[in-house]
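With the hints as extra help, turn the sequences into a complete structure.
Residue numbers (the working numbering), protein chains in the order written: chain U, 1 to 246; chain G, 1001 to 1246; chain R, 2001 to 2246; chain H, 3001 to 3246.
Worth double-checking, as some hints may not be accurate.
[What the hints assert, rightly or not] Subject to a maximum C-alpha distance of 20 Å in a straight line, what follows is the list of computed PhoX-like cross-link-like pairs (lysine-lysine):
1) Lys2124/R <-> Lys97/U
2) Lys2181/R <-> Lys1245/G
3) Lys3097/H <-> Lys3053/H
4) Lys2181/R <-> Lys3245/H
5) Lys45/U <-> Lys26/U
6) Lys3097/H <-> Lys1124/G
7) Lys3181/H <-> Lys1097/G
8) Lys1026/G <-> Lys1137/G
9) Lys3124/H <-> Lys1097/G
10) Lys1082/G <-> Lys1026/G
11) Lys1097/G <-> Lys1004/G
12) Lys245/U <-> Lys1181/G
13) Lys181/U <-> Lys1245/G
14) Lys2245/R <-> Lys3097/H
No wet-lab data here; the hints were simulated from the structure. Computed from a prediction, not measured in an experiment: that's the story for all the values here.
There are 4 protein chains.
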Amino acid sequence: MASKFYAVVIGAGPGTGRAAAIRFSKAYPVVLLSRSSKSYEATVKEINDAGGKAIGIDADASSIESLKAAFETIKKDLPDYKLAAAVFNPSARPAPKPFAEVQPEELESSIDANIRGFFNFAQKTLPLLEEAVPTSKYPPTLIVTGATASVRGSPRFSAFAAGKWAKRALTQSIAREYQPKGVHVAHAVIDGVIDIARTKSYEVNGGVEDGKIAPDSIAETYWNLHTQHRSGLTWEVDIRPFVEKW
Amino acid sequence: MASKFYAVVIGAGPGTGRAAAIRFSKAYPVVLLSRSSKSYEATVKEINDAGGKAIGIDADASSIESLKAAFETIKKDLPDYKLAAAVFNPSARPAPKPFAEVQPEELESSIDANIRGFFNFAQKTLPLLEEAVPTSKYPPTLIVTGATASVRGSPRFSAFAAGKWAKRALTQSIAREYQPKGVHVAHAVIDGVIDIARTKSYEVNGGVEDGKIAPDSIAETYWNLHTQHRSGLTWEVDIRPFVEKW
Amino acid sequence: MASKFYAVVIGAGPGTGRAAAIRFSKAYPVVLLSRSSKSYEATVKEINDAGGKAIGIDADASSIESLKAAFETIKKDLPDYKLAAAVFNPSARPAPKPFAEVQPEELESSIDANIRGFFNFAQKTLPLLEEAVPTSKYPPTLIVTGATASVRGSPRFSAFAAGKWAKRALTQSIAREYQPKGVHVAHAVIDGVIDIARTKSYEVNGGVEDGKIAPDSIAETYWNLHTQHRSGLTWEVDIRPFVEKW
Amino acid sequence: MASKFYAVVIGAGPGTGRAAAIRFSKAYPVVLLSRSSKSYEATVKEINDAGGKAIGIDADASSIESLKAAFETIKKDLPDYKLAAAVFNPSARPAPKPFAEVQPEELESSIDANIRGFFNFAQKTLPLLEEAVPTSKYPPTLIVTGATASVRGSPRFSAFAAGKWAKRALTQSIAREYQPKGVHVAHAVIDGVIDIARTKSYEVNGGVEDGKIAPDSIAETYWNLHTQHRSGLTWEVDIRPFVEKW
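Right, here's the structure in full:
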């Protein structure tokens, strides 16, 4: 019997998470994880209505227990499936502010979302991805969503950058360890504003059409990362609107 | 009448050039440019035999005159076509050696292939790509093949690195100027040995299967760069075998 | 009356901390902070015996309370002094291990030493450094000790790299915010083994003389950073033995 | 008899070259090389009048013959001296312009000054620096002046960036090869406008005092690089005004 495979997206709210779930659902059943079911409900319905298969589970990556429970649920719901792709997408959005005004809780929140959360999710998924290596069509893939702040420590973004750089460090370290085992680990530097409901009113890049990043375009690039041949893997891509200053 | 589009690949010898030509020929007529017809003949035949359309023209990017003549030929052969994609792939392969032993001619050869040649090719193709912006399906794209030496100055590779870093600098500068005009400019850091006839005997990565980069996998990544939505463009990708040390 | 200035070194154990304290003691009274008095006692005595002025205080940067108490002690002991230079030097040394074996506590320990600890220390010292701007001879300076792992995520060093990258991000963000106010913020990438008692038995760089970094050479570079003119400030230096591979 | 040492500065015009010559003249006789004697005359006189020793020689680094003649003159004038330090400072200043308008001659001029010129100078000086290793007080040093354009390909600066990136590549490659032999090779990214006669009218950083880089501050950092202990060498420093945006 041929192996069956699924994908998991954590941080599956509107934007990149939703788009990735939809894109990967064209090939795999998809599990959407978020702290609140409000984040994934509509997308789960949308995928299932369209003839795909999607499951939503409440999960908080910063809690090992929560993740453990989620993957036990997955095992029950998709008993014979192996993990072909995992997308880590949660983020914290601390308000930009002068360093002297950053509260310890804001730093902790960035640590929680970007470092502790990613660490837990990677520890959970990497062994599952490794199990899929011998039978999967494409190298099983862990894709991590980064930001401009992953490569630049801007003033007023200290806590955010701390979390993002650390997550990128973990991703790179893991890539160097797991790629020789056949697991593809990739990091995407999203360098621009994503076009979602929350950002509709943002005036960026002079308001030009496509001046914000279409989540679908990120999802397509994630899919293309996933389907790379193991002899030619990409560790990092940058993604930005054509009109973005960088 | 709908616009018609073509792609051009310079440095169209075996390996990346050939694979890119074949990949892009699935969507466009392709023009293969090389200093010697021996480099492109077989590929041109292969594409035409397979039902695609390919043209081979002798051209040396380090000569403005030679490039000019080549593009005049293209204009005659594909009179109503616009340029959808251009791939710059030529390289020099100076023998690694201690800095004190590098001959001025070896430095010039790296300058010629990587800097002067790319400069000329970019000046020739960017206006053509810009013309295609209003009607092309995807952002017209200039893709540049780089190497490990594009981001690292290793001992014994001084002349090679000088050319490669300069080409990457040009690519980045051009990307920042042309992307707001709708032309996608991308640079690929090929970090590994490419699997071609010349490298068959190289013992890399312990001789493991897929330890050298399949040219087709590079070509597929190039195609995926070309087809990105303009709201989510990638400037740079790295490409390496899963077992490569980096 | 002319202003009087002091320097503070946290992580003042043998190696970089001790050497920096001694170097800066040639110009300023120096305060040595460490979690245990064993780390600074000998150095405090050495400086005072040599005619300089040194004070040792127990302090743990990962505790805001502990830092607060330490700086209150400083204020009592050096009542009219302003802070001319602060060196952040504590580190965690997690044992290298496969990612799957890293314990959450090991990640937390790296977060504590490199992120939380540095964040607290920077929040405490930056306002004090800013106060010194109008009267100090050199731009008041915050110097941060980094490592190879600050710029590279190596396999088996995931937790260490996460902390180090995050600390570098904070440093860069702070530099961009505080330099325009006249406070110099600098990060040093120490790329090699430091020559201290603990590393005596390490066989590095073939055992060649000066193949490990003399702490005094780091301290001298720190001093040179501190004394830079404000029109020509360095944000980052790398420091490595002449024979180091990089 | 103790060895005697000299320093050489090429590109010894007003600004960094002049300041470096003056700074190094406090320790060594200095040779100033420039294409035109107008560039070095005043500085040579200033150093000699101040009790130092300076020699000026016409030399063009882009010509191997010219450099050869210059070093033969040095050998005659300083017969028993070894080379302790060499500073490479020439630059081209192509006018910023859109890529399509850059003339091949402008690219060649950047190649000439930054690549060919530095290559020739390095091939000439590295063997001389190597000869000084056994007897010099400090690791004999080759210092290379870079710019913002050494690490960033900005729009309108394509030709300039090509030359600067290539020079940085050569410097890095040489550093990796020569540091194990005891020769220190360092690159400085000068990220700001230098305060010289030509830039007096430039309104930068809001016209704030010290908003342009004092050449003396660069020279002091160069001297500090030169005097580093071989166990703790810096390959790269960035240098910018405290108010510079980066």
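Which of the numbered hints are not met once you compare them with the structure shown?
2, 3, 11, 14
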